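Two chains, two frames, a set of hints: combine them into the complex.
Residues per chain are reported as follows:
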Amino acid sequence: MTLATAPTVRGALQRRPELRGHPLLSCEDLRTLERIEAKVEAGSRLDFEEGLFLFRTPAIHRVGSLANRVRETRHGDRAYFVLNRHLNPSNYCVYSCSFCAFAKKPGDPEAYRMSLEEVQKLVAEQFEPDLSEVHIVGGIDPKLPYSYFIDLLRVIKAVRPSLHLKAYTMIEIEWLSRIGRKPVDAVLDDLLEAGLGSCPGGGVEVLSDRVHEALFPGKLGPDQWLETARRVQQRGIRMNATMLYGHIESDEELVRHMVRIRDLQDETGGFLTFIPLAFHPANTELSHLPGPTGVLDLRTIAVSRLMLDNIDHVKTYWIMQGLGIAEVALDYGADDIDGTVVQERITHAAGARSPLGVNREELIRLIRNASRIPVERDTLYEKLVPIDPVGAADYNELRERAQ
Amino acid sequence: MNPAAASPSVCAPSRSGRALSEAIEKAWAGERLQRRDAEALIRCPDLNLLGELATAARFRMNPLPRVTYIVDRNINPTNVCVARCRFCAFDRLPGDPEGYVLSKEEIFTKVDELLQVGGIQVLLQGGHHPELGIEYYEDLFRSLRERYPSLHIHGLSPSEIVHVSRLSRLSIPVVIERLEAAGLNSIPGGGGEILVDSVRQRIAPGKAMSGPWLTVMREAHRRGMRTTATMMYGHVETLDDRVEHLLLLRDLQDQTRGFTAFIAWPFQPGGSELDLPRSGAQEFLRINAVARLVLDNFDHQQTSFVTQGDKLGQLALFFGCDDFGGTMLEENVVSAAGTQCLIPIERIEHCIRSAGFEPRRRNMYYEVLQ
Numbered sequence: 002m003t004l005a006t007a008p009t010v011r012g013a014l015q016r017r018p019e020l021r022g023h024p025l026l027s028c029e030d031l032r033t034l035e036r037i038e039a040k041v042e043a044g045s046r047l048d049f050e051e052g053l054f055l056f057r058t059p060a061i062h063r064v065g066s067l068a069n070r071v072r073e074t075r076h077g078d079r080a081y082f083v084l085n086r087h088l089n090p091s092n093y094c095v096y097s098c099s100f101c102a103f104a105k106k107p108g109d110p111e112a113y114r115m116s117l118e119e120v121q122k123l124v125a126e127q128f129e130p131d132l133s134e135v136h137i138v139g140g141i142d143p144k145l146p147y148s149y150f151i152d153l154l155r156v157i158k159a160v161r162p163s164l165h166l167k168a169y170t171m172i173e174i175e176w177l178s179r180i181g182r183k184p185v186d187a188v189l190d191d192l193l194e195a196g197l198g199s200c201p202g203g204g205v206e207v208l209s210d211r212v213h214e215a216l217f218p219g220k221l222g223p224d225q226w227l228e229t230a231r232r233v234q235q236r237g238i239r240m241n242a243t244m245l246y247g248h249i250e251s252d253e254e255l256v257r258h259m260v261r262i263r264d265l266q267d268e269t270g271g272f273l274t275f276i277p278l279a280f281h282p283a284n285t286e287l288s289h290l291p292g293p294t295g296v297l298d299l300r301t302i303a304v305s306r307l308m309l310d311n312i313d314h315v316k317t318y319w320i321m322q323g324l325g326i327a328e329v330a331l332d333y334g335a336d337d338i339d340g341t342v343v344q345e346r347i348t349h350a351a352g353a354r355s356p357l358g359v360n361r362e363e364l365i366r367l368i369r370n371a372s373r374i375p376v377e378r379d380t381l382y383e384k385l386v387p388i389d390p391v392g393a394a395d396y397n398e399l400r401e402r403a404q
Numbered sequence: 444m445n446p447a448a449a450s451p452s453v454c455a456p457s458r459s460g461r462a463l464s465e466a467i468e469k470a471w472a473g474e475r476l477q478r479r480d481a482e483a484l485i486r487c488p489d490l491n492l493l494g495e496l497a498t499a500a501r502f503r504m505n506p507l508p509r510v511t512y513i514v515d516r517n518i519n520p521t522n523v524c525v526a527r528c529r530f531c532a533f534d535r536l537p538g539d540p541e542g543y544v545l546s547k548e549e550i551f552t553k554v555d556e557l558l559q560v561g562g563i564q565v566l567l568q569g570g571h572h573p574e575l576g577i578e579y580y581e582d583l584f585r586s587l588r589e590r591y592p593s594l595h596i597h598g599l600s601p602s603e604i605v606h607v608s609r610l611s612r613l614s615i616p617v618v619i620e621r622l623e624a625a626g627l628n629s630i631p632g633g634g635g636e637i638l639v640d641s642v643r644q645r646i647a648p649g650k651a652m653s654g655p656w657l658t659v660m661r662e663a664h665r666r667g668m669r670t671t672a673t674m675m676y677g678h679v680e681t682l683d684d685r686v687e688h689l690l691l692l693r694d695l696q697d698q699t700r701g702f703t704a705f706i707a708w709p710f711q712p713g714g715s716e717l718d719l720p721r722s723g724a725q726e727f728l729r730i731n732a733v734a735r736l737v738l739d740n741f742d743h744q745q746t747s748f749v750t751q752g753d754k755l756g757q758l759a760l761f762f763g764c765d766d767f768g769g770t771m772l773e774e775n776v777v778s779a780a781g782t783q784c785l786i787p788i789e790r791i792e793h794c795i796r797s798a799g800f801e802p803r804r805r806n807m808y809y810e811v812l813q
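Chain order of the listed sequences is A and B.
Those letters in the first sequence? Residues 2 to 404, by our numbering.
Those letters in the second sequence? Residues 444 to 813, by our numbering.
Next comes chain B alone, as it looks inside the complex (with noise of 0.2 Å):
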């Protein structure tokens, strides 16, 4: 079948095409791809080879053929935010009648469910509200972490951590060690967008830039705190801003090795500023396939798929993806563009058996539990 069989070398009509098949050779290798790599294969026409090619990594980094998941609980304690991102549909201005602030005691209830359906973990992230500063965290996460000794605290993206270490008046590396001391286990990638600043000029001017951001994750790395990494695409930035946000991520990684994973998801247009056609499906498979060829020193990839439904987040499991996410069990901030697809538990264990995969729980640090 293989029509290149017959001769190794590759006759592309171009050189964008040599290109290309140079890195087809060096990600079936398994060889570290370079910036001219990535950005041909994420030109790739053939879906199909991209998918091959990122099972095929998926597997070199995790031989086992199961797919991971976490009881987890998103909790956004406020939606009051000043930063403004044009992307956001989920923001309200300080004053709005619809922002809101939840009381200890509606965390609380909130964790209790998550406990009851057997979750380990919450994902805590909010508006950047103009008056919840350090104290306020602090106190939330002792609380939190007095009343639930074992529950897993994972929180407060990058931006926020910024956005506080601003209102504070207190550098980086100290709001990280008080957030720690308070009870903080982990630090979510959200807010990453694309790391390119001329992008985030455009959709997200209020938030933290590129340098701040990646400073967050590097203090916290050094701390030995592990966090993820995410990337919303699908709105203003090129192909090649796509891969330079891979990279940069990659040159942490090598430098910290605290990335326990990469999750991607595409901007969401319901309901907020910027007037675009939403991504497609293929795009969403190819971004995750070109992820995993680029970031070979990412240990595991998460489905989105509560951007994108059960059938193409169970389909990413052949595009390099291992790991079925958090079960959130409540989303609002994707929700309030007009996306959600939250799966019940039965169902996430359905779509990774139904695809080949052993269904396995884990936690932040992808141990598997028994």
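Bound-form chain A, shown alone (with noise of 0.2 Å):
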């Protein structure tokens, strides 16, 4: 794949004056910075130490064009959304995590566990008739039987049979294959005739032996991960990937993330979506660390876009990064926003300042304020339904209409 053409609003800029010099790049630089240009309009793979250069250097609007450039060439001036909501069955789990404020153990007043009755209500009282995907991911808690996460998704299918269920990450895939006494072969069989979607991307973190040390031991590390993850491809699943950071990771470990992402998609092409998560310290063990700040959150962005490029889409996940970045991400390497989510539990656990959830119009409106075209997507992107007319698409036209 070459950058030839972008038919886009930004397209008619294509030609623009070239800006010889950089401000901020001393001359080898520029000539580094230059050549990986040359490299991802060429179409080429670029590597780690390429990806790090990316990273650090300070010429983030460079960057960030490169960036928009592969995006507009996959994705043109589409912004994705879905009407999901986000379902956290229990908060009890065995595990530490120490980023997470989300998790409780036995005693705390905060502690809950929903039963199957309560789901069903729940779906069948409260989930809006419109909503497609339910994203299910919760605590690892030992009460639940290996029956509950199989009936959680038959219940729910039974009351609302349209609806995607992209449940469970790696971590609760492998504990089901360890308390169903079962391979994981076994376990997603059971998921998938109950009902299973897709799988959501989270729980990998950062994929580094030190982080995985550091922060999370009890959980799978790096190699566990990704096995689980080629086993669930393998059986056809699609899944996603995510990657958080703004904590005590490296640079480094930030982009071998996305190189060994890149290798494992390489082998099984399951991943649809590569989703950075940024950390939110407060009321984690990890409370003192400032958390990440808006310039980190473009550049992950934005690299992200530039060395996966056999993952088709990258998401700014405006429940961590914040609506105003997610907004400007579109611009920097996002083609997707994620979705209405309606009541998100963890991040806010940790003192998220964005809102719960938000409705259909606001997505739609930070999509136009960005003179994006919002596009309403399924889980899989399979049925994709414009909210403007493609084609009609005019830059000044969009902009007055954010206005």
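Hints in this document: simulated from the structure, not taken from any laboratory.
Predicted model, so just to flag it, every value in this text is computed and none were measured.
Keep in mind that the hints are not guaranteed to be accurate.
Coverage of chain A stretches by chain B, computed from C-beta distances (three or more under 8 Å per stretch; other residues unrestricted) [to be verified]:
1) 59–67
2) 360–371
Examples of chain A residues toward chain B, derived with CB under 8 Å [to be verified]:
3) PRO24
4) LEU26
5) VAL296
6) GLY323
7) GLY325
8) ILE326
9) GLU328
Just so it is clear, CB atoms sit at the ideal spot from N, CA and C, and this is done for glycine as well.
What follows is the structure in structure tokens.
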């Protein structure tokens, strides 16, 4: 793939004046940057060192511009969103990951566990009629039997057969294999039979043995997470991949993470979307850390887009990055802003100031504020409904509408 | 990479495209932008490019990789106001039980708190109270000056000065002269909104129009008093109105060189009469970039973290801003509209550092403090 033409509103500026030199770069760094830009233009793959250079260069607009070219070549002016809800069945968790403020131990007054009846009632009474997806992730609750996890999917499907169930991270899949005393493949068979649609990409954090040892030693390590993801994708199940940034990790570890996800994708091809997750320190064991700032948010999005040349989508997860950054990130490599979410618990336990959920109109407005065309999608990007007719898109028209 | 590297001339599809390409070339070369250039750039679809141009302009103006801020405090002596601006959620009409006027003791307490955290400046702004004329402010400033000889008093935006001049039947130069004699050091650029009267008639008919606003600034500058300039965008104005606003400020600055800095923030819809959607994050970065390019005679530009939060506030450092503004410690006006993002000093410094700049404290004159 080469970046020949991008039929977008920003495409009018493709042939723009050459801006010689750069106020923030040495001649040598500028040459390196230009060499990387030429590689991306030619559709060549970037290596680890190049990714690290992009991650560290102060020329964030050049990196953003390059990531935006890739983004527009793949998706034009479209920006995707989904009508979804989060469902966290339990916050009891056997693990004690130091970046987590959601997990609770027995005896904690804030601990909760939803019965299947409660879930059924919630779905029947509160789920919006046009809801497309449920994102199901919870604590590793030792009191819940194997059958609960399977029946949970059945219960939801019984009430609302059309809902797509994006359920259970690799952490939960591996846990099910342990408590069900079955291989992962057999667990997946049970889940698929009960209505599983796809798997979320959480629980991977950073693919680094050092970070794993320091922050979440009880949970699946890098190799096991990748192995479980391989099994899931070999079973034909699509999934996402996330990356938790802005805590104790190094730049090298983030870029290495991207390379390892890219390597697995070469082999399996099952990753739909890459989702950088901005760490929120409040109420966690790492509350002394400052957390990521806006520049790191944009850098991470842009470098992810440039490194993960075999993954279709890069998401700006507004719950964690914030609505403002999500809007800006649509020009720095992101093409998807997740969805309505409705009732987010995990990041808000860690002090997130974003709303718990937003409505469809707000998502559309956010996308239009960025002068993009909102496209309502389903989980697998199979059913795509543009909110503005594609082709009628003219930048200033979009801009006037946004005002 | 650069698609235009082979041909320095630009093949844009339309006249507006050509105008934009010319404006981009001029902006990159650091030439003065004309109205048509500004009108093209404010419509530029490429956010990355605007950031690139504004960052270059910022480093031409301020070559050091540092970002300043000031430890100051907002004090709003009264929220009683007869201006009735349609965008405001802070004001109360005379007689409203929620109306207040701070006592001197309350104001002193606030200043004491400021000094305890190492602050050096108060920003005194409030409503257009129908009974607080020149004597009230003279007395307040004198008391502050007496009690805190080195405190910098940055106070009374032009519309308040116009209000005081009407109420006390004094000319604008006399009001400024008397306030300065009482202790006023500088004037904040608040109440500028958009300096186009057709816009002001719609959103703030009771407040100074653009002529008197600019007159106050011109008079202050003539006396050697420094001021700031602001812009509140994202309500009923057009993109060209924003350009007009910037050009008016640039023209006055050409004559007086009295403005220290420019600050832009969006209209905050919560709780006000104007039922409009909140303007977006990209808009904030775009207007900052365009302002940095147009206002080539303004030394400094502040990012409005109070309205945008620390993340976008920080990103504006890559869209032309070189200053994080004031710590404020207290904010009542935009928070009345449901927006409040005060940030502790350590967080301000962290945002500056993690963007690759050195944080430095300054005074109103942008002199870096040791």
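Status of each hint after checking the structure:
Using a Cβ-Cβ cut-off of 8 Å, 7 residues of the region 59–67 of chain A lie near chain B, which meets the minimum of three, so the contact claim holds. Residue count for the region 360–371 of chain A with a Cβ under 8 Å from a Cβ of chain B: 4. That meets the three needed, and the coverage hint holds. Evaluation of the PRO24 of chain A hint against chain B yields a held restraint, the C-beta minimum of about 4 Å falling below 8 Å. Given the 8 Å rule on beta carbons, the hint for LEU26 of chain A is violated: about 11 Å separates it from the nearest Cβ of chain B.
About 5 Å separates the beta-carbon of VAL296 of chain A from the nearest beta-carbon of chain B, less than 8 Å, and the hint is met. A distance limit of 8 Å between C-beta atoms decides the matter here; for GLY323 of chain A the minimum to chain B is near 6 Å, and the interface restraint holds. Because the closest C-beta pair between GLY325 of chain A and chain B is about 4 Å apart, less than 8 Å, the hint holds. A hinted interface residue such as ILE326 of chain A counts as satisfied when its beta carbon comes closer than 8 Å to some beta carbon of chain B; here the least separation is about 5 Å, so the hint holds.
Evaluation of the GLU328 of chain A hint against chain B yields a held restraint, the C-beta minimum of about 4 Å falling below 8 Å.
When the structure is compared with the earlier hints, a violation turns up for hint 4 alone.
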